[in-house]
Amino acid sequence: MIETLQSQLQFARAVQRVDTKGVEPLRAIRDETDAAIKEITIGLEDLKDVLAKEVRVGHYQRPRKVKERIQSDAENWDALATASRRAGKYFVVESGKKAEAGEP
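Take the sequence shown: its position 1, counted from the start at 1, is 23 in my numbering, and no numbers get skipped.
Think of the hints as simulated: they come from the structure by calculation, not from any bench.
Just so you know, these numbers come straight off a predicted model, no measurement behind them.
It is possible that some hints are incorrect.
[To be verified] Straight-line distance between alpha carbons at most 20 Å, and here's what the computed EDC-like set of lysine to aspartate or glutamate pairs gives:
1) Lys43 to Glu61
2) Lys87 to Asp100
3) Lys87 to Glu76
4) Lys89 to Asp100
5) Lys111 to Glu97
6) Lys87 to Glu61
7) Lys70 to Glu90
8) Lys87 to Asp71
9) Lys75 to Glu90
10) Lys89 to Asp71
11) Lys111 to Asp100
Use the sequences and the hints to build the structure in full.
The following block contains the structure:
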């Protein structure tokens, strides 16, 4: 454990010795180059599909998002199919109280 701590302290001292004069400090740990900023910038072209799904409502023609019904396979699965025991539409779970009391 002492060796690990010494290794970490040695690394920290080596980092502290690095000359950082003239280097602008980071605002966050991420790629802040011009290319990266351009890549993550959201423009009108990126929003055209979303804006096309809006309708204008009311006197002031406020945009409203059209709600879509998403059909998911997760809603149609049989939850009881994996149950080892069931009674009608319910799972059957063995109680742990009998085992704790020493009864079979």
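Evaluation of the provided hints:
Among the hinted pairs, Lys43 with Glu61 is inconsistent with the structure: their alpha-carbon atoms are about 29 Å apart, more than 20 Å. Pair hint Lys87 plus Asp100 does not hold up; C-alpha atoms about 33 Å apart against a cutoff of 20 Å. Under the criterion of a C-alpha separation no larger than 20 Å, the hint pairing Lys87 with Glu76 is consistent with the structure, at around 5 Å. A threshold of 20 Å between alpha carbons decides the hint, and for Lys89 with Asp100 the separation of about 27 Å lies outside it, so the pair is violated.
Between Lys111 and Glu97 the alpha-carbon distance is near 16 Å, which keeps this suggested pair within the 20 Å criterion. For the given pair, Lys87 sits about 26 Å from Glu61 by alpha-carbon distance, which is inconsistent with the 20 Å threshold. The hinted pair formed by Lys70 and Glu90 meets the criterion: a straight-line CA distance of about 17 Å does not exceed 20 Å. Distance hint between Lys87 and Asp71 is fulfilled; the C-alpha atoms sit about 12 Å from each other, no more than 20 Å.
A C-alpha spacing of about 9 Å is found between Lys75 and Glu90, which places the hinted pair at or below 20 Å, so the restraint holds. Distance check on the hinted pair: Lys89 and Asp71 sit about 14 Å apart at the alpha-carbon level, within 20 Å; holds. With a C-alpha separation of about 10 Å, the suggested pair Lys111 and Asp100 falls inside the 20 Å cut-off, and the hint holds.
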